[in-house]
Amino acid sequence: MQSVVHVCLAGLSNGMFIWLVASGLTLIFGVLGVLNFAHGSFYMLGAFCCFTVLKYLGAGFWIGLLAGPLMVCAAGFVVERFFLRYVYRIALPYQLLLTFAFVLIFDNLVKIVWGAGSLSPPPLSFLGGSIPILGRNFPVYNLFIIAVGPAVALLLWALLERTWWGRIIRASSSDREMAAGLGVRVPALFTGVFVFGTWLGALGGGLAVPYVGLLTPGMGETIIIEAFIVAVIGGLGSLKGAFAGALVIGVLSAFGTRFFPAFDMSLTFILMGGVLLWRPQGLFGAAR
Amino acid sequence: MGKKGMNRREFLKLTGAGSLAAATAGGLGVGLLAPKWVWGATPKVKGPIKVGYQAVLSGTLAGYGEFHKMGAQMAVEEINAKGGIAGQKVEMEFRDSTLKADDAIKNARYFVDSWGADFLAGIDSSGQALALAPVVAQLDRVLMITHAATEKLTEEFVFQKGIRQIFRICNATYHDANAAAFIAKDLPAVKWSTISPKYEYGFTCWKMFQDTLTKLKPGVSFTAESWAPFGTTDFRSHINTIMDAKPDGLYSTEWAGELISFVKQAKEAGLFEKVKHVMFPVGAAMDVLEGLGKDMPDNIWISGRYFFRFPNSKMNNDWVARFRKRWNHYPAYVSETGYSSIFAFKAAVEKAGSKDTKAVIAALEGMEMDSPGGHRVFRKEDHQALYDVPWGKTKADPKFPFKVMGETRLIPAKAYFNRPPFDGPGTRPPFA
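Chain order of the listed sequences is G and U.
Per the numbering used here, residue 1 is the first one in the first sequence, and the count goes up by one each step.
Per the numbering used here, residue 1001 is the first one in the second sequence, and the count goes up by one each step.
Rather than coming from a laboratory, the hints here were simulated on the basis of the structure.
Please read these numbers as outputs of a predicted model, since none were measured by experiment.
It is possible that some hints are incorrect.
[Unchecked claim] Computed cross-link-like contacts, BS3-like style, restricted to lysine-lysine with a CA-CA straight-line distance of at most 25 angstroms: (1) Lys1044/U to Lys111/G; (2) Lys55/G to Lys1100/U; (3) Lys1351/U to Lys111/G.
[Unchecked claim] Covered stretches of chain G (in silico footprint by chain U; criterion: 3 or more residues with CB under 8 angstroms from a CB of chain U, positions within the stretch not fixed): (4) 27 to 34; (5) 49 to 62; (6) 75 to 87; (7) 106 to 115; (8) 134 to 140.
[To be verified] In silico contact screen, one side only, chain G against chain U (beta carbon under 7 angstroms); selected entries: (9) Val4; (10) Ser118; (11) Ser120; (12) Ser173; (13) Pro187; (14) Thr191; (15) Val212; (16) Leu214; (17) Ala254; (18) Thr257; (19) Arg258.
Every residue gets a Cβ at the ideal spot worked out from N, C-alpha and C, and that includes glycine.
Generate coordinates for the entire structure from the input sequences, incorporating the hints supplied.
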């Protein structure tokens, strides 16, 4: 029992990270129609910027968490405004190539700025430490992460479904030309959505700083693959699907590691294969 | 098909003969045009001496490549400042091995076929080393392994299959597993467990540790194992597996950044209060010690391929001082093996009086050398270097911003390295 609960908690907290990264990825795909390989780089940059603020500027982790992702938004702006914007109209492979180029550029940029070695953040003061749950210690911070995930989901839902901005975004994503015809400044809107998606990925990276306890160049590569799997399982472009997918993958892989260690690396792929056979459009994807 | 003309085999025969003729003519031409070469007026070793070095420079372990490079580059600078190898300048090209087997092979081919390398060095991963071995035999250049540890490389490929081009200057899994078992037998722990990498290196070490420890201390049991795939950042489920089994000993060959994440997360979960006897065979790596700082718990048994405080010799202490002056860093263990590998090439070429692969292999076999890491002997049979590295218990020291080895134990390499022919009685420790 103790073990099952702890494995569940570990899976939930891990799933929340995948969700944070997958949400930005999904939002950008849903609205702009771009599969952004560089999204994992925004996660990495979020972590490094957050670390820089907390370590070199001497501010606490929480200030780093606020400021770091905002710094990364600038990078997101540059990528969309000066590069991606010019490839929307040409074939999909060019978009993929361009975003993949940014993966390489950002990885090397991180090595140039922060060095090739790993960086290790100091332990947290506020929300640091552990509390016993059923007689075994569990980090308080991880409980916080488990709460942040649904909070972000709620925020996104409210933003998209309950605000004027959300209505514009939904209108533009379902029919770009009609929205433009009705006077929506689609290019500016796309930039805004891309920057917001960037912020979500960078926030995930910032939150990962105390969770993983280590920053390395290339740290975005593992999580972007998981985020892609989650986005595909949930249905590309569906935020609801990404949230459900992240929870399932997070918990499933934690259980796999603990109870079926022989299959732990293949479980997520088996699940993805099964879902795609059964519902090729993903759990919450619209049939096309 | 069926038409007149050449078939493939005839064509090959012809071109083969043609190129042979061309080569002979070319050889004669060189001989005629450069008589001093024939008369031996210049030294036998023609320069420059080119070393193709590859280590991981990208991804999460990019820091390791940088540390290899610092050591190897420093050796090249020092050797060239004092007249080079046998009077010839040393040149080094450094490439990213990416930890992937096919990239390691591509790099090796590039080094030899396009760049004209005389020597190859580096390689971090055991999987890469095993994949590269047959290619090195074809390329016919000496490859000095400076990091990859699997004993299969030297036992199977060098000793059994006779790929004589491969040498290893760093410790093998014997140090991580056999020597660990020698330490573990004197600890009160009897129920051992592991969280280790889910690939060749992790599997082979855990098996060797179990075999040797069972021989040394027949009452021990092995209660839990959890294998973390490469790139694991969240060890919490693995930690749960271990805590459920309630062992009193934990042996882990996690290394580099993954060891840092693992230790931090295990500390949060209270693992070190529950499991009292913990061993990290590669925990004495500088990136781990510096990365963890005060977060590294006390009284954990750690070791590595080299630790900068040992041996306490003039050669080592001077080197560490020079290294810190040059790079503003304590040397990592791959810096030492990278540095010493270039000096091993120097000693071998000067002993052989040639940079020919055959002659260098003959010179390296059984060669003894003094290096910052201590006195090394390249065993003739399997080309593995024997040298002594201590194990020690972590302890804070006011002189350093990270934990160092407090109490240390040195088990001589001879006592725990598997011995040729690697099969049958008397080849595995303990030895009578």
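Checked hints:
For a cut-off of 25 angstroms, the pair hint linking lysine 1044/U to lysine 111/G is broken: about 43 angstroms separates their Cα positions. Proximity of lysine 55/G to lysine 1100/U is assessed by CA-CA distance (about 33 angstroms); at most 25 angstroms being required, the pair is judged violated. Of the supplied pair hints, the one linking lysine 1351/U and lysine 111/G is violated, its CA atoms being roughly 41 angstroms apart against a limit of 25 angstroms. For the segment 27 to 34 of chain G, the stated coverage by chain U is violated: 0 residues have a C-beta nearer than 8 angstroms to a C-beta of that chain, whereas at least 3 were required.
Here's how the segment 49 to 62 of chain G fares: 0 of its residues keep a CB closer than 8 angstroms to some CB of chain U, so the rule of at least three is not met and the hint is violated. Given a C-beta distance limit of less than 8 angstroms, the hint that chain U covers the segment 75 to 87 of chain G is violated, as 0 residues qualify and 3 are needed. Check on the segment 106 to 115 of chain G: 3 of its residues sit with their Cβ under 8 angstroms from a Cβ of chain U, so the three-residue criterion for coverage holds. Beta-carbon proximity to chain U at under 8 angstroms applies to 4 residues in the segment 134 to 140 of chain G; the threshold of 3 is reached and the given coverage holds.
Interface hint at valine 4/G: violated, since its Cβ lies 9 angstroms from the closest Cβ of chain U, which is beyond the 7 angstroms cut-off. Taking 7 angstroms as the C-beta contact cut-off toward chain U, the hint placing serine 118/G at the interface holds, the least distance being around 4 angstroms. Residue-level restraint check for serine 120/G holds (minimum Cβ-Cβ distance to chain U is 4 angstroms; threshold 7 angstroms). Annotation: interface hint on serine 173/G violated; nearest CB of chain U at approximately 33 angstroms, more than 7 angstroms.
The interface hint given for proline 187/G is violated, since its Cβ lies 35 angstroms from the closest Cβ of chain U, which is over the 7 angstroms cut-off. The closest approach between the C-beta of threonine 191/G and any C-beta of chain U is roughly 31 angstroms, which is over the 7 angstroms cut-off, so the hint fails. Checking valine 212/G against chain U: minimum C-beta separation of about 5 angstroms stays under 7 angstroms; hint holds. Given hint, leucine 214/G at the interface with chain U, holds; its Cβ is 5 angstroms from that chain's nearest Cβ, closer than 7 angstroms.
The interface hint given for alanine 254/G is met, as the beta carbon of that residue sits about 5 angstroms from the closest beta carbon of chain U, less than 7 angstroms. For threonine 257/G, the shortest C-beta to C-beta distance to chain U is roughly 4 angstroms, which falls under 7 angstroms, so the interface hint holds. For the restraint placing arginine 258/G at the interface with chain U, the shortest Cβ-Cβ distance is roughly 5 angstroms, inside the 7 angstroms limit, so the hint holds.
Going down the numbered hints, you'll see the structure goes against 1, 2, 3, 4, 5, 6, 9, 12, 13 and 14, while the others check out.
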